[in-house]
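J.: As a plain string of letters, each chain reads:
Protein chains: 4
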Amino acid sequence: MRVDLNSDLGESFGAWTMGDDVAMLDVVTSANVACGFHGGDPSTMRTTCELAKTRGVAIGAHPGFYDLQGFGRRPILGQSAREIEALVAYQLGALQAMAISVGHRVTHVKAHGALSNMACIDGDMAQALANAIKAVDPSLYFVVIPLTELEQAGEAAGLKLAREIYADRAYEDDGTLVSRKKPGAVLHDPTAVAGRVLQMIQEQAIVSVTGKRLPLTVDTVCIHGDSVGAVAMAKAVRSTLIAANIQIGSFSKPA
Amino acid sequence: MRVDLNSDLGESFGAWTMGDDVAMLDVVTSANVACGFHGGDPSTMRTTCELAKTRGVAIGAHPGFYDLQGFGRRPILGQSAREIEALVAYQLGALQAMAISVGHRVTHVKAHGALSNMACIDGDMAQALANAIKAVDPSLYFVVIPLTELEQAGEAAGLKLAREIYADRAYEDDGTLVSRKKPGAVLHDPTAVAGRVLQMIQEQAIVSVTGKRLPLTVDTVCIHGDSVGAVAMAKAVRSTLIAANIQIGSFSKPA
Amino acid sequence: MRVDLNSDLGESFGAWTMGDDVAMLDVVTSANVACGFHGGDPSTMRTTCELAKTRGVAIGAHPGFYDLQGFGRRPILGQSAREIEALVAYQLGALQAMAISVGHRVTHVKAHGALSNMACIDGDMAQALANAIKAVDPSLYFVVIPLTELEQAGEAAGLKLAREIYADRAYEDDGTLVSRKKPGAVLHDPTAVAGRVLQMIQEQAIVSVTGKRLPLTVDTVCIHGDSVGAVAMAKAVRSTLIAANIQIGSFSKPA
Amino acid sequence: MRVDLNSDLGESFGAWTMGDDVAMLDVVTSANVACGFHGGDPSTMRTTCELAKTRGVAIGAHPGFYDLQGFGRRPILGQSAREIEALVAYQLGALQAMAISVGHRVTHVKAHGALSNMACIDGDMAQALANAIKAVDPSLYFVVIPLTELEQAGEAAGLKLAREIYADRAYEDDGTLVSRKKPGAVLHDPTAVAGRVLQMIQEQAIVSVTGKRLPLTVDTVCIHGDSVGAVAMAKAVRSTLIAANIQIGSFSKPA
Numbered sequence: 001m002r003v004d005l006n007s008d009l010g011e012s013f014g015a016w017t018m019g020d021d022v023a024m025l026d027v028v029t030s031a032n033v034a035c036g037f038h039g040g041d042p043s044t045m046r047t048t049c050e051l052a053k054t055r056g057v058a059i060g061a062h063p064g065f066y067d068l069q070g071f072g073r074r075p076i077l078g079q080s081a082r083e084i085e086a087l088v089a090y091q092l093g094a095l096q097a098m099a100i101s102v103g104h105r106v107t108h109v110k111a112h113g114a115l116s117n118m119a120c121i122d123g124d125m126a127q128a129l130a131n132a133i134k135a136v137d138p139s140l141y142f143v144v145i146p147l148t149e150l151e152q153a154g155e156a157a158g159l160k161l162a163r164e165i166y167a168d169r170a171y172e173d174d175g176t177l178v179s180r181k182k183p184g185a186v187l188h189d190p191t192a193v194a195g196r197v198l199q200m201i202q203e204q205a206i207v208s209v210t211g212k213r214l215p216l217t218v219d220t221v222c223i224h225g226d227s228v229g230a231v232a233m234a235k236a237v238r239s240t241l242i243a244a245n246i247q248i249g250s251f252s253k254p255a
Numbered sequence: 001m002r003v004d005l006n007s008d009l010g011e012s013f014g015a016w017t018m019g020d021d022v023a024m025l026d027v028v029t030s031a032n033v034a035c036g037f038h039g040g041d042p043s044t045m046r047t048t049c050e051l052a053k054t055r056g057v058a059i060g061a062h063p064g065f066y067d068l069q070g071f072g073r074r075p076i077l078g079q080s081a082r083e084i085e086a087l088v089a090y091q092l093g094a095l096q097a098m099a100i101s102v103g104h105r106v107t108h109v110k111a112h113g114a115l116s117n118m119a120c121i122d123g124d125m126a127q128a129l130a131n132a133i134k135a136v137d138p139s140l141y142f143v144v145i146p147l148t149e150l151e152q153a154g155e156a157a158g159l160k161l162a163r164e165i166y167a168d169r170a171y172e173d174d175g176t177l178v179s180r181k182k183p184g185a186v187l188h189d190p191t192a193v194a195g196r197v198l199q200m201i202q203e204q205a206i207v208s209v210t211g212k213r214l215p216l217t218v219d220t221v222c223i224h225g226d227s228v229g230a231v232a233m234a235k236a237v238r239s240t241l242i243a244a245n246i247q248i249g250s251f252s253k254p255a
Numbered sequence: 001m002r003v004d005l006n007s008d009l010g011e012s013f014g015a016w017t018m019g020d021d022v023a024m025l026d027v028v029t030s031a032n033v034a035c036g037f038h039g040g041d042p043s044t045m046r047t048t049c050e051l052a053k054t055r056g057v058a059i060g061a062h063p064g065f066y067d068l069q070g071f072g073r074r075p076i077l078g079q080s081a082r083e084i085e086a087l088v089a090y091q092l093g094a095l096q097a098m099a100i101s102v103g104h105r106v107t108h109v110k111a112h113g114a115l116s117n118m119a120c121i122d123g124d125m126a127q128a129l130a131n132a133i134k135a136v137d138p139s140l141y142f143v144v145i146p147l148t149e150l151e152q153a154g155e156a157a158g159l160k161l162a163r164e165i166y167a168d169r170a171y172e173d174d175g176t177l178v179s180r181k182k183p184g185a186v187l188h189d190p191t192a193v194a195g196r197v198l199q200m201i202q203e204q205a206i207v208s209v210t211g212k213r214l215p216l217t218v219d220t221v222c223i224h225g226d227s228v229g230a231v232a233m234a235k236a237v238r239s240t241l242i243a244a245n246i247q248i249g250s251f252s253k254p255a
Numbered sequence: 001m002r003v004d005l006n007s008d009l010g011e012s013f014g015a016w017t018m019g020d021d022v023a024m025l026d027v028v029t030s031a032n033v034a035c036g037f038h039g040g041d042p043s044t045m046r047t048t049c050e051l052a053k054t055r056g057v058a059i060g061a062h063p064g065f066y067d068l069q070g071f072g073r074r075p076i077l078g079q080s081a082r083e084i085e086a087l088v089a090y091q092l093g094a095l096q097a098m099a100i101s102v103g104h105r106v107t108h109v110k111a112h113g114a115l116s117n118m119a120c121i122d123g124d125m126a127q128a129l130a131n132a133i134k135a136v137d138p139s140l141y142f143v144v145i146p147l148t149e150l151e152q153a154g155e156a157a158g159l160k161l162a163r164e165i166y167a168d169r170a171y172e173d174d175g176t177l178v179s180r181k182k183p184g185a186v187l188h189d190p191t192a193v194a195g196r197v198l199q200m201i202q203e204q205a206i207v208s209v210t211g212k213r214l215p216l217t218v219d220t221v222c223i224h225g226d227s228v229g230a231v232a233m234a235k236a237v238r239s240t241l242i243a244a245n246i247q248i249g250s251f252s253k254p255a
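Taken in order, these protein sequences are the chains called R, S, Y and E.
Residue 119 in the working numbering sits at position 119 of the first sequence; the count goes up by one each step and never skips.
Residue 26 in the working numbering sits at position 26 of the second sequence; the count goes up by one each step and never skips.
Residue 179 in the working numbering sits at position 179 of the third sequence; the count goes up by one each step and never skips.
Residue 190 in the working numbering sits at position 190 of the fourth sequence; the count goes up by one each step and never skips.
These aren't lab readings, by the way, just hints derived from the structure by calculation.
Wrong hints could be hidden among the right ones.
Sample of chain Y residues with no beta-carbon within 10 Å of chain E, all distances over it, derived [stated by the list, open to error]:
1) A15
2) R46
3) G78
4) Y90
5) E172
6) V231
Distance ranges between label pairs, derived from CB positions [unchecked claim]:
7) V209/R x P138/Y: 43 to 53 Å
8) G56/S x K212/Y: 36 to 46 Å
9) S239/Y x G56/S: 30 to 40 Å
Ideal Cβ placement from N, Cα and C applies to all residues, glycine included.
Generate coordinates for the entire structure from the input sequences, incorporating the hints supplied.
T.: Structure representation (structure tokens):
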């Protein structure tokens with residue numbers, strides 16, 4: 001059994017830093033790199049690509065809405081499918097050039113924040129995302145949340161998919177994340193998180209808060225990089241999986 | 001004899017328009033497309049790529065400083081060579097992805113505004129520009145102003161160069177542009193401009209305000225797209241050249 | 001009888017111009033000045049204040065979402081009442097300082113684009129707008145669209161209200177604007193527009209597409225400044241009203 | 001004897017935090033609040049004003065260049081005196097409104113980063129700064145670095161001046177700061193810094209690296225808020241001064 005560990009990195013902007021990218025890059029096997037619209041800037045992107053290359057970490061574009069102040073987390077309505085396609089292609093291309101500049105290459109795309117949240121339930125937006133990836137480079141992996149419009153659009157576009165689960169979020173019975181407003185929505189204990197991730201990988205299923213199983217192929221586990229204790233949690237997940245003989249490796253680099 | 005006509009296009013931003021791109025694309029053979037930092041936005045870039053493709057117009061990246069309010073015309077000091085490289089690679093990659101998305105491709109790079117002006121006289125900045133192009137795609141043409149650090153850096157990097165002259169600007173004896181503060185710095189009469197361009201192409205030399213000749217290979221003529229009468233001037237230049245049996249075609253598409 | 005004519009001005013940004021502000025300032029009696037978040041920049045704001053002062057035109061802040069690329073027209077969700085208050089106070093203060101700098105003063109506030117549209121139907125957002133105005137300067141007029149949450153929030157806050165009608169937009173029976181997607185939503189003929197405005201002022205009522213009357217006090221008429229023919233339409237409205245002995249003057253400067 | 005302690009605060013932006021404002025506000029007597037152009041955003045500004053009011057800390061506008069990515073530290077050339085005036089008035093007004101909103105008020109202005117550095121040696125830019133302050137509110141204090149164009153422009157404009165010294169920077173014999181490229185330019189030991197500040201206040205003179213005295217009135221001491229150990233250094237300075245019977249209080253609130 002084999003799984004990828006991914007994290008959102010390169011989210012610093014100018015004089016402001018976010019997260020401990022160097023430490024996270026020693027733990028994960030895929031980095032989703034912010035592309036300058038919600039976080040990141042050209043120099044940060046370049047540094048992130050260099051650090052990832054040195055450590056053999058795969059990189060993906062992490063496009064978001066054009067909203068630095070809101071960190072791409074605010075839903076921005078009124079954008080056409082055509083605009084979403086251009087928004088994604090732009091950010092993807094920017095990261096591709098940066099990766100090539102340092103001898104690395106982009107192998108996946110994962111939508112950020114409100115762009116992802118909206119596309120999970122909006123088929124047109126999900127299709128715009130998939131179309132943008134396909135039009136720029138159809139060989140890229142599309143990281144999707146299972147049981148969403150993202151997954152459907154990726155399949156319909158014929159893209160290679162990497163299905164992800166969240167390490168530290170609780171799931172409802174329908175596979176959606178428990179709202180952050182509810183108690184228990186976010187898990188904080190590294191040991192508990194690691195154990196739950198191991199269970200979902202071994203069972204190849206999302207395990208909901210009520211214990212319901214939703215079978216899926218777990219290709220990658222999302223580990224948040226910017227919260228307190230992120231690195232400790234990431235290490236706990238990694239060591240727990242390794243101890244259980246789960247191989248850790250990027251979905252884009254088959255063993 | 002053969003020459004390219006280039007213009008800076010795709011400079012609209014959001015709800016604000018600039019220039020008459022559709023009209024200019026019927027006249028020029030190369031479009032320098034703004035990449036979102038000083039002008040342009042993803043949707044405008046995409047539309048410009050589509051319009052250029054339909055008309056067989058070559059496209060190039062036109063990277064500028066990250067300064068929408070100043071339209072990339074304000075010198076921004078304190079940026080390292082490494083930052084300039086990242087700034088250029090980012091914008092170039094963004095346009096490459098947009099071009100690929102619509103079935104076109106980027107074939108040249110030309111620096112915009114203060115980035116170009118500063119690099120003309122700053123060897124380190126010129127080298128950073130050339131390095132960025134080389135690192136992203138060494139097959140691209142680098143449009144340079146002759147007798148500047150840009151030209152030297154491009155040569156040193158082994159890039160294919162396209163040397164450009166300005167249709168509507170007067171030259172000093174050393175090949176630099178006459179300052180806009182001096183009378184006669186900018187030429188406004190389409191017939192006079194066209195005649196002067198023809199002369200410089202036929203003589204393969206810059207002709208200064210005092211009549212001095214500075215020999216060079218004239219690969220491309222820059223025609224401004226955002227001034228009053230830009231389209232009329234562009235048409236005058238084009239028809240004058242054709243009448244004199246000068247072929248008009250992109251440097252990136254040898255006849 | 002007396003009415004104010006208002007228009008959204010100062011919407012140029014950096015090198016990009018929008019509308020013919022100088023011409024409009026000779027026609028209207030109140031200018032809603034963009035404050036740099038969706039359009040406008042400090043220098044444009046200053047120039048607009050100077051031009052308005054010279055012509056005796058009243059000025060108001062025209063705050064919008066922080067979204068230059070979308071010109072403040074895109075609904076941005078996920079902003080708390082507290083954030084909206086700060087957003088409005090910031091822009092209002094910026095314009096106040098600019099006005100004071102040139103010897104003018106701000107006398108009203110009118111929300112722009114998506115901020116206005118959302119607040120028309122969202123009581124919390126409308127209240128945040130009213131609270132911001134009250135907290136910064138309770139003597140300011142609040143320009144509101146009648147029969148909306150804006151009007152209710154302004155009344156509840158005890159602000160002086162200026163109720164506006166649109167010169168060139170058709171109304172539904174409930175007082176809302178006919179959707180731009182429907183035919184006849186926007187009126188283009190200056191004579192027809194002027195006649196309809198006169199009727200609504202004389203009857204002190206919105207007249208809907210079916211002829212229904214919705215009584216209200218018409219304090220001000222919004223005339224768009226950035227569309228083709230804007231100046232001609234503004235002049236037609238003004239001259240028609242004057243010919244009918246309607247006085248034209250700002251609501252903030254009682255005769 | 002009496003002196004003010006000031007620090008640059010409110011420099012967080014959106015999801016990115018900078019410095020420990022709450023801790024610093026318990027130590028300093030004046031806060032220079034970023035106004036959204038190089039750092040800060042409306043909500044951060046409001047929170048900073050509220051925190052300062054609660055603690056009785058005076059607030060001032062800390063205007064900078066419109067350059068979030070460069071944090072206002074990059075010199076941006078090509079801005080006219082008129083543009084600088086508008087840039088400063090805008091930011092000052094924005095903060096005034098925010099302060100009024102929460103029951104506080106702005107009592108000083110201090111230029112940030114490259115705007116300050118450039119104005120120290122550029123008389124026209126310094127005058128533009130002073131003019132902006134005077135035009136918006138001539139009762140405000142202008143925090144200046146002694147022996148610079150800032151001080152001269154402030155005096156010429158008739159503004160109330162607050163002359164500041166830097167707690168942690170070494171001075172050359174002419175009163176300028178030792179370049180950060182030289183060893184010893186920045187002092188890191190809290191005890192040494194506090195002792196040196198005490199000496200300069202007691203002697204009412206800048207003491208240069210060679211021991212030269214440059215007499216001046218020391219109105220305020222700048223303590224950096226965003227470096228490692230900033231809070232510890234600020235506390236050391238404060239307690240050392242208090243132990244030596246120096247009163248600590250804002251220059252804008254005479255004892």
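J.: Compare the structure with each hint and give your call.
T.: Hint check:
With a minimum CB-CB distance of about 12 Å to chain E, A15/Y clears the 10 Å threshold, and the non-interface call stands. Remark: the non-interface label on R46/Y conflicts with the geometry, its nearest Cβ contact in chain E lying 4 Å away (cut-off 10 Å). Against chain E, the non-interface label of G78/Y holds: every CB pair exceeds 10 Å, the least being about 12 Å. Taking the minimum C-beta to C-beta distance to chain E, about 4 Å, the non-interface status of Y90/Y is violated against the 10 Å cut.
Against chain E, the non-interface label of E172/Y holds: every CB pair exceeds 10 Å, the least being about 35 Å. The Cβ of V231/Y lies farther than 10 Å from every Cβ of chain E, with a closest approach of about 26 Å, so its non-interface assignment holds. Between V209/R and P138/Y the beta carbons are some 49 Å apart, a value that agrees with the proposed interval 43 to 53 Å. A C-beta distance of roughly 56 Å is found between G56/S and K212/Y, which places it outside the suggested range of 36 to 46 Å.
As the Cβ distance of S239/Y to G56/S is approximately 51 Å, the hint placing it in 30 to 40 Å is violated.
Hint compliance for this structure: hints 2, 4, 8, 9 are not met, and every other hint is.
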